Amino acid sequence: MRFVDEFRDPGLGRVVAGEILGAVEPGRHYKVMEVCGGHTHSIYKYGVDDLLPANVELVHGPGCPVCVIPMGRVDDGIALAHEPGVIFTCFGDMMRVPGSEGSLLEAKAAGADVRMVYSPLDALRIARANPDRPVVFFAIGFETTAPSTALTIMRARAEGLQNFSVMCNHVTIVPPLRALLESPDLRLDGFIGPGHVATVVGARPFRFIPADYGRPVVIAGFEPLDILQSIHMILRQLADGRCEVENQYKRVVPDEGNAKALEVLAEVFELRPHFEWRGLGFISHSGLKISEAYADLDAERRFSVPGVRVADPKACQCGEVLKGVIKPWECKVFGTACTPERPIGTCMVSSEGACAAYYNFGRFAREREVV
Amino acid sequence: MRVLAVDEARGLALCAGEDGAHLSVEIALVEPVAPGDALLVHAGTALTRLDAAAPA
Amino acid sequence: MTEISNREQRILGIIETARAKRPKFRDERINMAHGAGGRATQTLIEGLLVPALGNASLEALADAGTVTIDGLDLALTTDSFVVRPIVFPGGSIGELAVNGTANDLAVAGARPQALTLSLVLEEGLEADVLRAEVEAIARAARAADVDVVAGDTKVVERGHADAMYICTTGLGRIDTRARLSPAALRPGDRVLLSGPIGEHGMAIMLARGEFELDAEIGSDTRPLWPVVDALLDAAGGELRCIRDATRGGVASVLNELARASQVAMIVREAAVPVNPAVAGAAEILGIDPMYVANEGRLVAFVAPERADAALAAMRAVEGCEEAAEIGEVRTEPPAMVLVETAFGGRRVMDQLVGDPLPRIC
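Residue numbers (our numbering), protein chains in the order written: chain E, 1363 to 1733; chain L, 99 to 154; chain A, 5 to 365.
Just so you know, the hints here were simulated from the structure itself, not pulled from any lab data.
Since we're looking at a predicted model, the values are computed, not measured.
Incorrect hints may appear among the rest.
Beta-carbon label-pair distances, calculated as ranges [unchecked claim]: (1) A/Ala-187 <-> E/Asn-1492: 49 to 57 Å; (2) A/Gly-222 <-> E/Glu-1632: 43 to 51 Å; (3) A/Gly-222 <-> L/Ala-132: 27 to 35 Å; (4) A/Asp-166 <-> E/Arg-1490: 21 to 29 Å.
Each residue gets a CB set at the ideal place from its N, CA and C atoms; glycine is no exception.
Just chain E, with the same shape it has in the complex:
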């Protein structure tokens, strides 16, 4: 296809795959979690799994911002979309997430003005172009995208835009990781750390993982070679008896993160006392809301939303998938009652969801060597 850059080079891939084979202790089974949905997507898209021995099992983590949105918040979004005159903007994946009475795509078919955007700046453009209509942006994402939303809110304020507001569903990465590590269900050997979140927060916030839980972390880039190299680095740490945070993605991630981004986050957002995560329950200090200073740009204050907590459907096992306790295909409804075109849960909808990734890319019998 396109010119293959070195981080997608199959020759280099085979070299690192060989190094991984060399670093594996024969007969030992390793469980390595990739936290970030972007890594899950990349792993399946490039078939990285194929280059690993069967001893190395990749466990998918909760770092998929669409996947963790509970049904009640989707319903709130739909309620906003149905407010008279509102132009409701969101990322493409959000449109198919099921709420308790259908998705945003279905709300659009029923008459709500729901529009897909690729960035919050696009939503701001829509607001400028439609001054007499309220425009709401449904913001999702971890610390990677929260600064983008914050800057957009600051721009709206600076321009004096009266018709723009944001419904904030941003979440932070550390609390769910801690919740996972505290959970007795899971025994993990190491973590592939989120490369883009780290460009904002740096490497330091992940030190608690080796320090308090004795597990190595390697912050990884998103190309297939980055992921393979990071797995190799985790295995090397385990073999050497080391336990620390390493940065494989040095070409992009500064160890100290982006101070300006953190400043902007602190100015526009504050932590909610707790926030509900789909399948993981309430986690304290894990969600962001818009601060008092920017209250007029907060859609939840401009409009009233139902704010009803909706339990996941009984059949849905997204929570267990997000925690890595079960594999997508082990969910009772995977591929039968829950498919990408008729999803029950969020993991099947998002391009970063483990179930969608496995269903769309990984759904075939593979044979791998056991070392």
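Start from chain E and add chains L and A according to the hints.
Here is chains L and A on its own, set in the frame of chain E:
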């Protein structure tokens, strides 16, 4: 992505991807930038500069 | 030593059985996904339309239907064009209408002969715009060597029809050299692609100006009969099947055929031609070019002994110089399309769900 031109008044940079696509990018988190700089861009916002040695 | 989980295998088997069943159309309303050319479109067609209207020709679900009158095999097709905006880099709705219809006939193995044209015009449409489209239609018809033999016009109130919609039918006689059918696919057959992918859909996407994104991409709309003619010449009865890769892209066409003929296919990602501008813009938008609509590309399945000759014949046709062999047909896993990624791993390439690019043709 590589910076082609900077619009200081609006705080945006016109950037080009490796394959020629042009995108207007929010640069508040990485400024000041100059034409030729390489940036990591995510959903329309530049998050960090890339090493001089790294691909755009 | 190999280790395959039996449980995982069993579950994959159950999923495949469920997928093989005729879909039921259960949606309460039509939404944009139904127009994407992927799963939802398939469910609409196979779950609602075919059961109500079914006959052997319709159930073949090909781009054109075959009708035999007094021993003469004719291909008959219909199409509608609702692209927005109506003029875009590389073409316009009128040109799309002629080429799109003619191509449905061409891939059925029929030289396009005649078209009908039905224009639904929006009140307020400028006469100059309409004139330009009519001229585009006339030019495209001459280039494709077809006659527009009948037509109709309607006008609807301002706010409907987005400037104009065009609906067509096309008629052609099936070439005596053609033995085309999904049922003809055999393991070992080679998959050929006539040129770089993703240009039309990306051009439309960017022409909408909804994103702060710009690139040098133009629609690839062109008549495909010349390359079909060349393929029939080079491969004759060993040309198994051809499809034009319109909405839903190459991925959708391969999946439809894999399902229709219950074979497997493997595609080598590194072999698929994509222009750098398309790859770059698609990467920024998070879209896979394999799912993006084309309006001037076809996929051809050829028996292995004729594949080299067929490819050479394609490359000699203007516009198809970058034609490539991108994969082959296998037996396992049935009805599935696998990709050998440029990195050396493998993955499934499934049908499209949802619609990343609405109203592109």
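Evaluated hints:
no.	hint	result
1	A/Ala-187 <-> E/Asn-1492: 49 to 57 Å	52 Å, holds
2	A/Gly-222 <-> E/Glu-1632: 43 to 51 Å	48 Å, holds
3	A/Gly-222 <-> L/Ala-132: 27 to 35 Å	32 Å, holds
4	A/Asp-166 <-> E/Arg-1490: 21 to 29 Å	23 Å, holds
Figure legend: structure checked against the earlier numbered hints; every hint is met.
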